[in-house]
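Residue numbers (this note's numbering), protein chains in the order written: chain A, 1448 to 1875; chain B, 1448 to 1875.
Just so you know, not all the hints are guaranteed correct.
Copies of the same chain look alike in the list, so a pair counts if it fits in one copy or across any two.
Straight-line Cα separation of at most 25 Å, SDA-like style, residue types lysine to any residue; simulated pairs [to be verified]:
id	residue 1	residue 2
1	Lys1814	Ser1472
2	Lys1568	Asp1497
3	Lys1568	Asp1746
4	Lys1568	Glu1691
5	Lys1814	Asp1746
Calculated from the structure, these hints are not laboratory results.
2 protein chains.
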Amino acid sequence: MTDQDLRVQLLLTGNEIMSGDTVDSNSAMISRRLGELAITVHRRVTVGDDVQLLQQELAAMASGSDVVIVNGGLGPTVDDLTAEILATVAGVGIEQHPEAVAHLEQWCAGRNLPLNDANMKQALLPAGAAIIDNPIGSAVGFELSVQGCRVICTPGVPGELAAMLDEILASLATQLPRPVERSILRLQTFGLGESTAQQMISDAMPHWPDEVALGFRAGAPQMEIKLTIDRAADAPARQRCREELEALFGDHIIGEGDTLLAQRVLELLRERGSTLTTAESCTGGLIASMLTRIPGSSDAFHAGFVTYANDIKHSVLGVEQSVLVDQGAVSEPVVRQMAMGALERARADYAVAVSGIAGPDGGTEDKPVGTVWLAWGDRAHIRTRCLRWPVERTLFQTMVAAGALDAIRRLLLGIEEEPRYFAQRRAR
Amino acid sequence: MTDQDLRVQLLLTGNEIMSGDTVDSNSAMISRRLGELAITVHRRVTVGDDVQLLQQELAAMASGSDVVIVNGGLGPTVDDLTAEILATVAGVGIEQHPEAVAHLEQWCAGRNLPLNDANMKQALLPAGAAIIDNPIGSAVGFELSVQGCRVICTPGVPGELAAMLDEILASLATQLPRPVERSILRLQTFGLGESTAQQMISDAMPHWPDEVALGFRAGAPQMEIKLTIDRAADAPARQRCREELEALFGDHIIGEGDTLLAQRVLELLRERGSTLTTAESCTGGLIASMLTRIPGSSDAFHAGFVTYANDIKHSVLGVEQSVLVDQGAVSEPVVRQMAMGALERARADYAVAVSGIAGPDGGTEDKPVGTVWLAWGDRAHIRTRCLRWPVERTLFQTMVAAGALDAIRRLLLGIEEEPRYFAQRRAR
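Excised from the complex, chain A in its bound form (with noise of 0.2 Å):
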C-alpha cells in the first residue's frame, strides 16, 4: 500500500487510561478512519493529565509532524487540560470562544439545563483556534496552527470522538498531496483461522497482485478479510483477487462490510418469509441475544427455550426422559429431539438446538469439555453433528452460537458441503 505523504502523530491524554482503568479504543477509532484517507499513523504517545508532560509532548510531536490529532481532555472539570496546553504551545492566550459559547447555550437549553461555569470552560480556547461541531456533546472540537502543524483536539467520549470525525476527514482530505483513490474492501468470514487463510492464499494465488494490499482481523467468532487498494484503476484487479477468495473460501465467506452472522440469518430468513427457533442447553441464551441484538429481528424470530436441565429439555421441549437417561444431555437425539421440540411450540420454520459441555466442570473421558452436539433443519429433515471447541468457557460459548447461526446459514443458501472447521472440529 501507499500511504500519504503526511506525517500524523496521536497525543492521547487522561489519567483513567494510564491507571488502566480504561481501555482505549479511540486511537484505534481514528487510526482505522485515517486509514480510509491512506493516512498511517507514526506514533501514538499517551500520558497522563500533567501539564508538564503534555506540553513537552505536544510541542515535540508538533515539531516534527504535519498533523497531530489531540484526544481527550476537553470536558469540563479541573483535570481538563488540552486548550490550556495547546494555548502554551502555540504561544497564544486563552479566550472565550463565541461559536462555542453558542454550541454550550443550545446544548443547555435543549436539555433544559443551566449553563454553569464548568460548562462555560468548554468555550475557553486558544485565540485564533477553528472549531470543529459536536453534534452531540457540549464540548466542541478545535484547530490550531502550531509552526505550520495541523492540532486537531477531539474528545475523549467514544461516541462524540465518532461523531466529529467525518468533519476531520473531509478537511483532512483537501490537504492531502495527492487525491484519495483508497478504497477498501471487507469480507466477513466464519469458520477460517488467520494462519490458515494465509496459506491457502499463498499455496493457490502466488501470483497475487502487489497493488491490492491483503489483511486480516481476528476477531471471535468472525474474522475479516481486508482487501486495499489505492489507485482506481487498480479496481479490476481487486475484483479478480475477490473472485480468486470466493472460489477458495467459497461458502465460509458471511457478507461484506460490517456483515454478523446473524444479521445475514435475519436476511435469508426475510426473504423467503420463514421463521427461526432456538433450544440452547449450553449457550444458555446467547444464540437468541445475538439474533435479538439486530434491529428489526423480531420478523424472523419469535420464540426461544433456554433449557439447562435435563427435566426442561424434557417439560418444555419433550424430549423422551428415556433418551435423556439412556444417553446423556449432551448426545445426538437429544439435541435432535430438543429441534424438534423448539420447531413445533414455536410453530417455526427452522430450529438450531445446541447441548454440550461448556466447562470447566462437567467434562467426561468420553465427553471432554468443548464436546458439542449441535442439530438445525426443518420439520422434513434435522441435521446433527458432534463438534469439539476446547477452549474457556465464554468463549466456547462464542463460537458454538456462532456455529450454529452457520449452520443455518448454510442450510439458507442451500449449500450441501460440508464446513471446512466440520472436519478440524470432529470430536474424536
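Position chain B relative to chain A; hints supplied.
Coordinates of chain B only, in the frame set by chain A:
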C-alpha cells in the same frame, strides 16, 4: 496516593495496533497490575513494526527511565523485531539462548509439533538476557539492562502477557525503594452514575481522609468504586470510609472485587437452594446468557424463555390473548403473566420477566423507545415496574437485563426499599 519513586514507561509495538485493526488492551492490563505495587506508568509510546523507529524510541525511553516494559514483537515472523532491537540498543549480539530452546522443545513436544526454523527464531535473544517463563505460549519473555534501565520484553498475545505478569511483578517488587503496602479495595455497584456518586460522597463526607484515595471506573452495566491506601496503617481509615459508603449507597453495592450481578444472584439462589427462571421479550435471551456465562450456573438456573412474538407469549407462557390485544405486549399485566407462566413451566422458585421497546423502531408517543415493563417475584407475590432507558438498542438490552437481575438480587436480600434508579428512570 503516593506512587513509588520509579520511572516506568511502556513501549507498544505492532502494525495491527497502529492501524487500529486491534484495540490495545494490553497496556491497560499492565498498568492495572503495576498499580497494585503503587507503580504508575509515566508515559506510553506506540509504534508500528519499524526497526528504525523502534530503536530510536527504545533508546530514548531507556535513557530516561528505571524500567521500560516492551509489549509485542516476540513472535516467529519477520515482523517480530523486539529481540533484535533490544540487542542493537544494548550494544550486544543476538545468540541462541539454551533455556529458550529448552522451552520451545518442551512446548512443541507437548503439542506433537515439529520444532521448525520459524519457532527457533524465538530462541534468538540478546546476549546476557534473562528469561521470563511463558507458561502457555512458545515465546519466552526476556529482560536486559540498558545503561541501568531494566528493559522487560513481553508477548503481545493477551493471555500470554497475563500469565507472565505475576513473575514480572514479583521481580519489580524487589527493586522498589519502599515496601509495597498498597492495598486496593474494589466495590461493584449497579444503578449509580459516576458524577452522582461523586456528588453524593462530597456532600455526605466533606472530611474524606486524604490517605484513602477514591476512584471510579464506569462500565455498563456496573460501576466500580476503588478505595486505595498506600500504608497498612491506613486500613482502619479505609474501613471507616467503606462503612460510610455502605451507609450512603447501601444495597446499590453488589459486592467486592470483580463480582458480577449474575454471579451474586446465583450465589444468593444457591444459598437457599432456590432456582430462577427468565421470560424475556426485548432482552431476547441476554438475561439467560448473563446467568449462564457464570460457571456452575446450572445449580440455580434451569430454564429460560425468549418470547419475542405475541402469539408465543400466549402459546408458550400462557399470557391471555385478550390482554395482549387490549394492553399491548409492553404492559403490566403482560409481564406479570409472563412471569407467572415461566414460574409454572420451569417449576422454578423465582421468575423475572421483561417486555419493552429496544428500538430503533417500534416506539409510540405513549410508549417511546426505551420503555420497559419488568416483573419479578415468586408465586406468592409478583412485583412490577415500568422504567425508561432511552439509549441505543444494545445498551438498552444490557441495562434492562442488569436491572432485571438487580431486582431479583434485592428480592433475595429482602430489601424492600426501592433503588435510586427506579425514581430516576420512572416512565412518566
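Unmet hints by their number, sorted upward, for this structure: 1, 3, 4
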